[in-house]
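Chemist: Listed below, chain by chain, are the residues.
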Amino acid sequence: MKRIVLWLLSTISAVVLLFGYHTSTAGTVATTQQPVGASLSTTSTTTTSGGTGGSGGSGPNTQTGSTVTGTVAQTRWGPVQVQITTDAKGTITDVEVVQYPAGNHEDEQINSYALPILVQSTLDAQSAHIDMVSGATVTSEGYLQSLQSALDQA
Amino acid sequence: MSTAVATPTARYVEHVMGMPVSLALRGRHTDDAAARGAWAEAMAALQDVDRVFSTYRPDSFVSRLARGEVTLDDCPPEVAEVLALGELARLQSHGAFDVRRAGVLDPSGVVKGWAVERATRPLRALPDTDVCLSAGGDLVCHVAGLASPDWRIGIEDPHDPTRVLAVVPVRNGAVATSGLAHRGGHVVDARTGAVPDAIASVTVVHDDLTWADIDATAAFALGRDAARWLRTRPRRRGLVVWADGRTELVG
Numbered sequence: 001m002k003r004i005v006l007w008l009l010s011t012i013s014a015v016v017l018l019f020g021y022h023t024s025t026a027g028t029v030a031t032t033q034q035p036v037g038a039s040l041s042t043t044s045t046t047t048t049s050g051g052t053g054g055s056g057g058s059g060p061n062t063q064t065g066s067t068v069t070g071t072v073a074q075t076r077w078g079p080v081q082v083q084i085t086t087d088a089k090g091t092i093t094d095v096e097v098v099q100y101p102a103g104n105h106e107d108e109q110i111n112s113y114a115l116p117i118l119v120q121s122t123l124d125a126q127s128a129h130i131d132m133v134s135g136a137t138v139t140s141e142g143y144l145q146s147l148q149s150a151l152d153q154a
Numbered sequence: 001m002s003t004a005v006a007t008p009t010a011r012y013v014e015h016v017m018g019m020p021v022s023l024a025l026r027g028r029h030t031d032d033a034a035a036r037g038a039w040a041e042a043m044a045a046l047q048d049v050d051r052v053f054s055t056y057r058p059d060s061f062v063s064r065l066a067r068g069e070v071t072l073d074d075c076p077p078e079v080a081e082v083l084a085l086g087e088l089a090r091l092q093s094h095g096a097f098d099v100r101r102a103g104v105l106d107p108s109g110v111v112k113g114w115a116v117e118r119a120t121r122p123l124r125a126l127p128d129t130d131v132c133l134s135a136g137g138d139l140v141c142h143v144a145g146l147a148s149p150d151w152r153i154g155i156e157d158p159h160d161p162t163r164v165l166a167v168v169p170v171r172n173g174a175v176a177t178s179g180l181a182h183r184g185g186h187v188v189d190a191r192t193g194a195v196p197d198a199i200a201s202v203t204v205v206h207d208d209l210t211w212a213d214i215d216a217t218a219a220f221a222l223g224r225d226a227a228r229w230l231r232t233r234p235r236r237r238g239l240v241v242w243a244d245g246r247t248e249l250v251g
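Chains as they are written, first to last, in the working numbering: chain A, 1 to 154; chain B, 1 to 251.
Hint data in this document are derived by calculation from the structure and do not stem from the laboratory.
Treat each hint with caution, since some may be false.
[Said to hold, decoys possible] So, partial list: chain B residues that the calculated Cβ filter (under 8 angstroms) puts toward chain A: (1) 61; (2) 100; (3) 102; (4) 106; (5) 108; (6) 138; (7) 142; (8) 153; (9) 154; (10) 179; (11) 203.
Nothing here was measured: the structure is a model prediction, and the numbers come from that model.
Just so it is clear, CB atoms sit at the ideal spot from N, CA and C, and this is done for glycine as well.
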């Protein structure tokens, strides 16, 4: 059991490293980037399946993935909370915003710039569950090879 | 309002102005006469813009204006509107963004975002329907109400366009990216004519695509100053990808 807990913690620290969320105001440099869920706490909802505690068998291999909800991060726009799903190998497969700035979500016109950009270097298009791709101008000639083309055919 | 939940996404693609235009619709009107009518209207709006503004068509108003064959007063009022936006962008970007380069008029840097933003109007008018309209990688999102899920926008990795570098959830707003990934040497610093080499791409998230697109292009043209300049821009969020692969969040 202990090994599993340790593994989860190491997953969480990986998450912390991967997700930059800029909370500072104008004029500061990149080093002020503050990770979302830097304080992922023990009150996080952590669901695992397959990991019944065992006898410390093979660690990560006993897992089939998990979903971790970070604590609420205070940003200049208001509180933001992010939920991260990992697969059995600890690779992040999904990221979702579960709490928005403007708190109670009553304001349906949540400003576009108020939501976080989630930087994730290991996300491939298939696992990212994206609807559209923003990228440097895709020409009609280049379209067939593009990610957007794959999405349009999905 | 709640009808927009968990409905399949319908997708449409057509090519206009030399680029693919992709539409995703969720909610009440995805594949009916109303949806197809709004899509046709949006495409017609883009084709109209192309006829007036294209620098590839010798008979467009902008081409004739550039050759001095017509005056601004002869052109549809939209031409003056776009040129005014371009002038504002030039001033605000300290000259890095300019619709006139080496004396040649080319307002394409303003036209695209502005045109796509306008083209979404008939689509936004579809009741209880979520809309995401992308033209060559610059896009507008609209959700019908509280029950609608976010649109999830992947930001392409400029060093590997088959991968997504970041995800941004958007409800009502726009995302524009400027970079060299698909079209080498497309954006230059108007002050020097040089292609920025410190930077791989800039993505800007903002309320409307007109300014998201202008700012992405201007920030890219500013090269090393991209992130610093974007931080001075109100109500923008952004992602700068440097040539060495580092990423920098803004906002």
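Chemist: All hints are to be evaluated individually against the structure, with a verdict given for each.
Modeler: Hint by hint, here is what the structure shows:
no.: 1; hint: 61; verdict: violated (23 angstroms)
no.: 2; hint: 100; verdict: violated (20 angstroms)
no.: 3; hint: 102; verdict: violated (21 angstroms)
no.: 4; hint: 106; verdict: violated (14 angstroms)
no.: 5; hint: 108; verdict: violated (10 angstroms)
no.: 6; hint: 138; verdict: holds (7 angstroms)
no.: 7; hint: 142; verdict: violated (10 angstroms)
no.: 8; hint: 153; verdict: holds (5 angstroms)
no.: 9; hint: 154; verdict: holds (4 angstroms)
no.: 10; hint: 179; verdict: holds (3 angstroms)
no.: 11; hint: 203; verdict: holds (6 angstroms)
Going through the hint list in order, the structure does not satisfy hints 1, 2, 3, 4, 5 and 7.
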